[in-house]
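Novice: Residues per chain are reported as follows:
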Amino acid sequence: MGEATLSAQDPGTRLENVSVDYVSGVHALAGVGLAFTPREQVAIIGPSGAGKTTLLQTLACALKPASGELTVLGEQPWRMTNGARQRLRQRLFLAPHVPPLPPRQRVVHAVLAGRLPQWSAWRALRSLIYPLDLEAARDALARFRLEDKLFLRCDRLSGGERQRVALARVITSRAELFLLDEPVSSLDPALAHAALEELQTEAAQRGAGLIVSLHAVDLALARFSRLIGVKAGRIVFDLPRDAIDDQRLIELYGAELDTSLQGPPDEAAPVIKLSRCI
Amino acid sequence: MMLALRPLIGAAAALAFLAACIASLSGDWAGFFSRESAARMLEFVRGFWPPAMEGAFLLKVGSASLETLAISLVGTLFAAVGGLALALPAAGRWGALPRTLSRLLLNCLRAIPELVWAALAVIAAGLGPFAGTLALAVHTTGVLGRLFAEALENVPPEPVESLRRNGAGAVAAFWYATFPQVLPQLTSYSLYRWEINIRAAAILGVVGAGGLGQMLHFHLSLFHVQETASVLAAMVVLVGLVDALSNRLRTRMTA
Amino acid sequence: MHLSAKPHALRDPAWHGRLTAAVIFVVLLGPAFYLTEFNPATLWGEASLRATRRFMETFVPPAHSLEFLALVAQATWKTVAIATVGTTLAMLIAFPLALAATRTLSVSQLATGRMAPVAAIIRTAVRWVLIGLRSVPEIVWAMLFVRAVGLGDTAGVVAIGITYGGMLGKIYIEILESGDTRPAQALLENGAGRLQAFWYGVWPVSLPELTSYTIYRWECAIRASVVMGFVGAGGLGQQMELSMKMLAGGEVLTMLLVFVGLVWIADQVSAMLRKALA
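Protein chains in written order, with my numbering: chain D, 1126 to 1403; chain E, 2 to 256; chain R, 60 to 337.
In case anyone wonders, no lab produced these hints; they're calculated from the structure. Being a predicted model, the structure only gives us computed values, none of them experimental. Hints may contain errors.
Unchecked claim - Some chain D residues near chain R, calculated using beta-carbon distances under 10 Å:
hint, residue
1, 1228
2, 1231
3, 1233
4, 1254
5, 1255
6, 1275
7, 1276
Just so it is clear, CB atoms sit at the ideal spot from N, CA and C, and this is done for glycine as well.
Kindly generate the complete structure, drawing on both the sequences and the hints.
Specialist: Structure, rendered in structure tokens:
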């Protein structure tokens, strides 16, 4: 069980012996220790229900750890006031597994919603009347080959298209750390590779960090140089790509292993009912 | 045996209650079913035909219809806005106390019938359609507010949570995630309520709140049965038109 | 992926339609406001303020002299009586009409599934009668009976009887046709008369729902009785109208409170009865 060494710079993100609980008291994450430099791109893999979503939500300051130290972008979110923590959240972007798109909203507004943290309430309302930055929305969609759906309603799109709209929202946001939960689970392999490439390029250009949980191990191995394996709420390994062999993967997945093709999306991990942290 | 007694006792109690009710009503019954009364009513009903149709009168009926239509429109519109404003606390957005208070207010507004509100409004605003509009707005705010609050409470929370988690403000998150999801229901309820309100608006005039109701009361009091017939016919036509329009709009806007 | 070249400026295609709709709306609303003589300033006009002030002066405390309370109690009982007798009358009208119009008791439909033309015509005619009965609001009937025939309390009873007869009839038909129709069908097929088929086949199945809806209508009838009182049909409504005319705020408040209480009690009683029947 390795731990990546944190570079001397402070504005990194790290968890030190973090545990996160379900309401029942059972650990969703136990004793997790990880460190990320600001511009790192990391993939998180593991079987269903392992805690990948919980890990991402903890990093996004959406879940409060029951114990341990959490530092995000150099700040300690749970030692801040509510207002300061909300401002920190504006620098993060958490994309849930199921694209959170209101069915009757048009794609252009769903995509531009990535700008909301930076917009005042008045600007946000004005944009609903007439979209404020059509070019940005179109360009973001074009990167995922979806620019012709700009003015369609979200419920007229297929599952894969909705997922790409959610990815376009990542592009329009101004976040410094992307936390994406199975962002390409509904895309076919070629499209999935292309979409991840766009995200990685964008993150690199912007100098943002990228932490992605993936179900398809081959995708993770192909595109990311550091992989973290999670199982039953614990970190099983945290290694560079070359150090990962089949033995490790079997250890992680047990009988579930299927590296050939991207598998079907996860059945939702057990619902975590925690008190409102926002 | 005991089981069969329960419904019998229940039925007996109901009949006894009914008998008491009948007894306490003044004994118009004999008079109502008497021959003279029947003859009077028949004479009365025959007087309805033909309905009054002189141009000047029809113009008045037309303008009263427009007035009634306007009352129902403006009243329902204000109620939709007011209802949404009250529905936000009533759905628990700002905690338990505002929720209880706003629900209490909405219930009070709903409980009192439009006509009673209209009679009260006439005191404050004088005779005329403004009183009717106020009354409709106040009562319908209670109705729509309650319906809107339930719609807001049943909205899937994921879109809002996602936006808020990423740092969006509460107001922006409402307009971008909650409102689009709840808008079809808001429109549907409001349009449906407009259908009901056009009937209510037609009647409010009876206490002096303008529109066709005021005309009806006036002519009926003076036994102008032919004019009354025309006003009644106008009411039926107006209600039918609004029903049709409201249905068209509802199917188009909530497709 | 490359950006598709779009030299011309992007426009929102929905803008035009929305703008037109907004303009139409405003254009319609202007006259509407004018027609309703919408002028909040009149609320503060001298005459109105005087009336409001006189009304509100006596508003608190609510009138509670014993003789007034006795008067209110009597008026309330009268309202309940009007509603009860009216609903009973409505049941007596609705029941036979519903029986005549329901397809469940159609003999001609048994064998072929299609009704004989004469039977269909009769059924449709009865349905139209029911529609006619409920198309005129009960308050209009009440006004007619009060003014034209000089009735008092009875006016309300007959008005409710007619309109609610139409409403009950429509719902009775729906209940009769939506329940399990097989027992009735079986009886008719075996040669039982229609009335027998009803008592043994339809009545046991539909009784709870029929009673439940009738009790619900009784609740509505109480409210309607109060409203009809404003045009002279007796009861609490008539007293309320008298007090309002005299700007006796305290009396109105008492009666409003009694009304709200009455409606609440009726609601509880109705719920209790309906639960007992279920």
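Novice: Let's test the interface hint: is any C-beta of chain R closer than 10 Å to that of residue 1275 of chain D?
Specialist: holds (8 Å)
Novice: May I ask you to test the interface hint for residue 1233 of chain D with respect to chain R, counting a Cβ-Cβ separation under 10 Å as satisfied?
Specialist: At about 7 Å, which falls below the 10 Å cut-off, the nearest Cβ of chain R leaves the hint on residue 1233 of chain D intact, so it holds.
Novice: Under the criterion of a CB-CB separation shorter than 10 Å, is residue 1228 of chain D in contact with chain R as hinted?
Specialist: violated (17 Å)
Novice: Report holds or violated for the interface hint on residue 1231 of chain D, using the least CB-CB distance to chain R and a cut-off of 10 Å.
Specialist: Since the shortest Cβ distance to chain R is 7 Å, the answer is holds.
Novice: Close enough to count: is the Cβ of residue 1255 of chain D nearer than 10 Å to one in chain R?
Specialist: Since chain R brings a Cβ to about 6 Å from residue 1255 of chain D, closer than 10 Å, the hint holds.
Novice: Are residue 1254 of chain D and chain R close enough, Cβ to Cβ, to be under 10 Å, as the hint says?
Specialist: holds (8 Å)
Novice: Is the interface hint satisfied for residue 1276 of chain D? The criterion is a beta-carbon contact with chain R at less than 10 Å.
Specialist: It holds, given that the least Cβ distance between residue 1276 of chain D and chain R is near 6 Å, below 10 Å.
In this structure, only the earlier hint numbered 1 is contradicted, and the remaining ones agree with it.
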